[in-house]
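Trainee: Residues per chain, in single letters:
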Amino acid sequence: MAARKKKLSIIATRGTLDWAYPPLVIASTAAALGYDTEIFLTSYGIELVKQTPRLKTTAIGNPGMPMPIQLPVLLQAMPGMQNIMTMLMHQKLKSKGVMSIEQLRALCLESGVKMIACEMTLNLFDIDQSDLLDEATTGSIATYLEFAGKSHISLTF
Amino acid sequence: MTEYDHELDASGLNCPLPILRARKSLGKMKPDETLHIIATDPGSVKDFEAFAKQTNNLLLSSTESGGRFNFVMKKT
Numbered sequence: 000m001a002a003r004k005k006k007l008s009i010i011a012t013r014g015t016l017d018w019a020y021p022p023l024v025i026a027s028t029a030a031a032l033g034y035d036t037e038i039f040l041t042s043y044g045i046e047l048v049k050q051t052p053r054l055k056t057t058a059i060g061n062p063g064m065p066m067p068i069q070l071p072v073l074l075q076a077m078p079g080m081q082n083i084m085t086m087l088m089h090q091k092l093k094s095k096g097v098m099s100i101e102q103l104r105a106l107c108l109e110s111g112v113k114m115i116a117c118e119m120t121l122n123l124f125d126i127d128q129s130d131l132l133d134e135a136t137t138g139s140i141a142t143y144l145e146f147a148g149k150s151h152i153s154l155t156f
Numbered sequence: 000m001t002e003y004d005h006e007l008d009a010s011g012l013n014c015p016l017p018i019l020r021a022r023k024s025l026g027k028m029k030p031d032e033t034l035h036i037i038a039t040d041p042g043s044v045k046d047f048e049a050f051a052k053q054t055n056n057l058l059l060s061s062t063e064s065g066g067r068f069n070f071v072m073k074k075t
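If you read the protein sequences in the order shown, they are chains A and B. Residue numbers for the first sequence follow numbering that gives the first Met the number 0, so the first one is 0 and each next one is one higher. Residue numbers for the second sequence follow numbering that gives the first Met the number 0, so the first one is 0 and each next one is one higher.
Simulated from the structure, these hints should not be mistaken for laboratory data. For every residue, glycine included, the Cβ atom is placed at its ideal position computed from N, Cα and C. A few of these clues could be false.
Claimed, not checked - Quick list of simulated restraints, FRET-style, between CB atoms:
| no. | chain 1 | residue 1 | chain 2 | residue 2 | range |
| --- | --- | --- | --- | --- | --- |
| 1 | A | D133 | B | R67 | 26 to 32 Å |
| 2 | A | I152 | B | E6 | 30 to 36 Å |
| 3 | A | G148 | B | M28 | 43 to 49 Å |
| 4 | B | E6 | A | E118 | 44 to 50 Å |
| 5 | A | E101 | B | S60 | 31 to 37 Å |
| 6 | B | E2 | A | K93 | 48 to 54 Å |
| 7 | A | S139 | B | I37 | 45 to 51 Å |
Can you build the whole structure from these sequences, using the hints too?
Mentor: Structure below.
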């Protein structure tokens with residue numbers, strides 16, 4: 000019996016620390032479970048395939064984000080607060096044994112996950128392919144849709 | 000206690016690391032060899048059941064003792 004190999008397609012559009020995890024955790028797990036996985040990185044998601052991703056996070060606009068102390072939004076917007084919140088998130092992730100984004104990304108690539116950077120986004124934000132990981136290829140949404148159209152699961156983040 | 004050819008200690012690792020590491024270990028094994036996995040993540044029980052089912056490897060045993068979960072998988 001030769002079942003058709005399962006395929007997972009993911010579009011990653013966000014470039015913040017909290018949003019970097021869902022596509023990569025799902026991709027790495029799916030790869031472990033035998034899925035052929037491709038991630039298309041577009042818009043701010045391009046940050047995930049940069050050589051050194053600079054990912055931040057903030058509770059502003061994110062009322063659902065759990066915080067050690069409930070700060071009024073006006074205070075959350077003070078200079079330096081974004082960096083503090085990013086640092087707190089990093090600490091929390093580390094204390095719970097969660098891999099860093101770089102490690103998780105390396106794991107994905109090692110497991111055969113393909114990462115495709117959106118050409119239009121690169122053009123829009125003046126990003127050179129040399130700024131990206133060697134393992135990442137570039138493509139248009141049309142090329143990506145060829146894979147996505149045959150995939151069993153398609154997710155967008 | 001079932002005997003095994005290889006062992007993987009995934010203690011302290013949380014989802015999805017135990018199955019990712021197991022996949023790596025299984026990749027280096029020959030068919031019919033067995034892998035003993037130790038994990039502390041309670042989520043790993045369901046993870047390994049799903050892993051075995053999806054990758055067509057056999058989960059020979061799944062036991063727990065004092066917060067430690069032991070799995071024996073056979074590569075097919």
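Trainee: Does each hint hold? Answer for all of them.
Mentor: Against the structure, the hints come out as follows:
1. D133/A - R67/B: 26 to 32 Å: Once the Cβ atoms are compared, 40 Å apart, the range 26 to 32 Å for R67/B and D133/A is violated.
2. I152/A - E6/B: 30 to 36 Å: The hinted range 30 to 36 Å holds for I152/A and E6/B, with Cβ atoms some 33 Å apart.
3. G148/A - M28/B: 43 to 49 Å: violated (35 Å)
4. E6/B - E118/A: 44 to 50 Å: Given about 46 Å between the Cβ atoms, the range holds.
5. E101/A - S60/B: 31 to 37 Å: The hinted range 31 to 37 Å holds for E101/A and S60/B, with Cβ atoms some 36 Å apart.
6. E2/B - K93/A: 48 to 54 Å: violated (37 Å)
7. S139/A - I37/B: 45 to 51 Å: holds (46 Å)
Hints 1, 3, 6 from the earlier list are contradicted by this structure; the remaining hints agree with it.
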